[in-house]
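Peer 1: So you can see what is in the structure, the chains are spelled out below.
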Amino acid sequence: MPINSFLGVFAKSPLKPLEDHINLVHKCSQGLLPFFKAVYIQDWKVASELQHHISMLEKQADVIKRELRISLPTGIFMPIQRQDVLDLLTQQDKIANKAKDISGRILGRQLVIPDELHVPFMEYLKRCLDATNQAKKVINELDDLLETGFRGREVRLVEDMIERLDSIEDDTDVLQISLRRNLLALEKNLNPVDVMFLYNIIEWVGELADISERVGSRLELMLAN
Amino acid sequence: MDIINSYGFVLIVIAASVGFLMAWGIGANDVANAMGTSVGSKALTIKQAIFIAMIFEFAGAYLAGGEVTSTIRKGIIDSAYFVDTPELLVFGMISALFAAGIWLAFASYLGWPVSTTHSIIGAIVGFAAVGVSSDAVEWAKVGGIVGSWIITPAISGFIAYLIFQSAQKLIFDTDNPFESAKRYVPFYMAFAGFVMALVTIKKGLKHVGFNIPADQGYFIAIGIAVLVGIAGRLYIRRIKIDPAAKKEAQFANVEKVFAVLMIVTACCMAFAHGSNDVANAIGPLAAVVSIVESGGQIGAKSALAWWILPLGGIGIVAGLALFGHRVIKTIGNGITHLTPSRGFAAELAAASTVVIASGSGLPISTTQTLVGAVLGVGMARGIAAINLGVVRNIVVSWVVTLPAGAGLSIIFFFMIKGIFAP
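Quick mapping for you: the protein sequence lines, in order, are chains A and B. All residue numbers for the first sequence refer to my numbering, where the first residue is 1 and numbers rise by one. All residue numbers for the second sequence refer to my numbering, where the first residue is 1 and numbers rise by one.
Among the hints, erroneous ones may be present.
The following residues of chain A were derived to be distant from chain B, with all beta-carbon distances above 12 Å [stated by the list, open to error]: (1) K27; (2) P34; (3) V46; (4) E49; (5) H52; (6) I64; (7) Q83; (8) R109; (9) V119; (10) D166; (11) D170; (12) V195; (13) Y199; (14) D210.
Cut-off 30 Å, straight-line C-alpha distance, at most; resulting in silico cross-link-like pairs (BS3-like, lysine-lysine) [claimed, not checked]: (15) K16/A with K42/B; (16) K12/A with K256/B; (17) K12/A with K27/A; (18) K256/B with K16/A; (19) K137/A with K240/B; (20) K94/A with K37/A; (21) K417/B with K74/B; (22) K47/B with K169/B; (23) K126/A with K37/A; (24) K240/B with K16/A; (25) K169/B with K137/A; (26) K27/A with K94/A; (27) K137/A with K42/B; (28) K59/A with K94/A; (29) K12/A with K47/B; (30) K137/A with K12/A; (31) K141/B with K202/B; (32) K42/B with K182/B; (33) K141/B with K42/B; (34) K45/A with K16/A; (35) K16/A with K74/B; (36) K94/A with K16/A; (37) K45/A with K126/A; (38) K256/B with K47/B; (39) K12/A with K42/B; (40) K74/B with K202/B.
Source of the hints: derived by calculation from the structure; they are not laboratory data. Source: prediction; values computed, not measured. Note that the Cβ used here is the ideal one computed from N, Cα and C, for glycine as well.
Assemble the whole structure, with the sequences as input and the hints as a guide.
Peer 2: Here is the structure:
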């Protein structure tokens, strides 16, 4: 017997899937740490397993993304704009895609990171992953933002968190410049094609932080509405 | 006249049985809307919800259901048209009950959240306008009732918006939301108790035979409000929070306090629902009984027969006891994205609106008021997602209900007339 109920009025919240998505995306990008450790010692078997793991997480994130998109028809009334939610989701998804691309490219070419770069590169990668971690924290505040009706103290708290995210991203820019300079010094002794790809990888890793920052600014726009 | 004298008892029995069935249907089905928010936000278990609903639906029906009952009994139809043919009014009221009951069963089967109020009003207007004469309907009154269907959701939405905003200001947007919740939540409880008590005292009790002077009524209502507030405060003090809980978990603790508040608003909601919707089942019955007992006299200033309000109350409780469990279970599993603080704002606003409307004799729809309240909280950016498509369907089902109830009641009217007065 179908039930005579008005409770169909409450649609599925998009916030929880958004949080689930960023948590998964974050886990996916964290996979780069063990991956690069395997790359450093040129253990390509382990690296390929880790790459497989990253790409599996990326696929799971895609599933959440698709489900959320389907569950947001136009007739949904939300405290935040529907378009903003979809844009935010797209940005979040790019983080996972980027992590998959980075690991895929390295593995595909069996690209060796020169010993001299090991330490600065790891530092740079960790800082970029700090940015995705911060983006994750910010998105996980959505619950509390809803509790407070998207205003007041909680909004200021989130704005502070976004500011911190911006400053982490600034750090990664500085690190990127010095890393490029290190690579420039080594360039002559390396295979030119490998050098091309190394620059490429450095850039992509930096994009992890860039996109994370964009996630934050998307959310900031949502709050400004 | 002959018909009434010779078949009087049969007619009362028929009307009472149909009225009881209708009340039963209201209890079984409609109550899901009244209790759904409490169960859906996990503030109450299903057992608790049924228990509260049984007590407060009955109390609402018995203590505050009289005013709306008399509107349905004699407010919609101009009885001057029936002075010579009181049996037509009796037939009409019975067919209205039949029509509304069948329409509700049909709509429930299809899962449309139609309003019992709308079906019974449509049915009464239908038999009177077509079966007798379009002048027999007090169109001004009907216009007022239909107008109230547009205004009450708006009012309840507005109240919900204000309540939610005040809770945000006083509790959520503070340094220590948990402490603020403990401090202010008892006041919301007192407010709910005050509204319930005031309407019962001022409008309800006279139908049960008590008469309390207006000024005393206010004092008693305030007294009850204070008692409710104090009881709430004592109860809330017993809530334990994780001392280890960090700032992030604080809103979860705040919601625990609101869950206590929701017990009170759920009582209020059940009370409001009982007070308003019992009339849909027993209003027509009351009309039949008063005509038959006075031997065909219409417009006699007879009081409501003593057994009618309890009959409706028992009907609702019986419906609840038999089917409420299953209905509420289904909806309880359905939603998870409603927290007690939102549910409370919507429930308190809807219940106050319904209780006040009941006091003024307006038969309004509980579901409709609740939808209005939910939209109000949504406007205050309090609800993650509201499905406007469903809202639209609900509105359509309300509009369809009027002609459907009217059409069915016209058919039954001519059938019953054919059986008793060939």
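Peer 1: State for each hint whether it applies.
Peer 2: Evaluation of the provided hints:
1. K27: 19 Å, holds
2. P34: Holds, because the least Cβ-Cβ distance between P34/A and chain B comes to about 28 Å, which exceeds 12 Å.
3. V46: Given that every Cβ of chain B is farther than 12 Å from that of V46/A, nearest at about 36 Å, it holds.
4. E49: At about 35 Å from chain B, E49/A clears the 12 Å cut-off, so the statement holds.
5. H52: 34 Å, holds
6. I64: 16 Å, holds
7. Q83: 14 Å, holds
8. R109: 43 Å, holds
9. V119: 35 Å, holds
10. D166: At roughly 22 Å from the nearest Cβ of chain B, D166/A sits farther out than 12 Å, so the non-interface label holds.
11. D170: Nearest chain B Cβ is 27 Å from D170/A, so the label holds.
12. V195: 46 Å, holds
13. Y199: 41 Å, holds
14. D210: 27 Å, holds
15. K16/A with K42/B: 18 Å, holds
16. K12/A with K256/B: 22 Å, holds
17. K12/A with K27/A: Distance of about 25 Å is within 30 Å: holds.
18. K256/B with K16/A: Roughly 20 Å between the alpha carbons, so the hint for K256/B and K16/A holds.
19. K137/A with K240/B: 27 Å, holds
20. K94/A with K37/A: With a Cα-Cα distance of about 23 Å, the restraint between K94/A and K37/A holds, given a limit of 30 Å.
21. K417/B with K74/B: Holds, at roughly 21 Å.
22. K47/B with K169/B: This hinted pair is violated, its Cα atoms lying about 34 Å apart.
23. K126/A with K37/A: With Cα atoms ~12 Å apart, K126/A and K37/A stay inside 30 Å; holds.
24. K240/B with K16/A: The hint holds at about 27 Å.
25. K169/B with K137/A: 25 Å, holds
26. K27/A with K94/A: 14 Å, holds
27. K137/A with K42/B: Between K137/A and K42/B the Cα gap is close to 27 Å, so the pair holds against 30 Å.
28. K59/A with K94/A: With a Cα-Cα distance of about 12 Å, the restraint between K59/A and K94/A holds, given a limit of 30 Å.
29. K12/A with K47/B: 26 Å, holds
30. K137/A with K12/A: 22 Å, holds
31. K141/B with K202/B: 22 Å, holds
32. K42/B with K182/B: Answer holds: K42/B to K182/B is near 19 Å, not above 30 Å.
33. K141/B with K42/B: 40 Å, violated
34. K45/A with K16/A: With a Cα-Cα distance of about 36 Å, the restraint between K45/A and K16/A is violated, given a limit of 30 Å.
35. K16/A with K74/B: 52 Å, violated
36. K94/A with K16/A: 19 Å, holds
37. K45/A with K126/A: It holds: about 23 Å lies between the C-alpha atoms, which stays within 30 Å.
38. K256/B with K47/B: Within the cut-off at roughly 19 Å; holds.
39. K12/A with K42/B: Holds: K12/A and K42/B sit about 16 Å apart, inside 30 Å.
40. K74/B with K202/B: With a Cα-Cα distance of about 21 Å, the restraint between K74/B and K202/B holds, given a limit of 30 Å.
This entry does not satisfy hints 22, 33, 34 and 35, going by the numbered hints stated previously.
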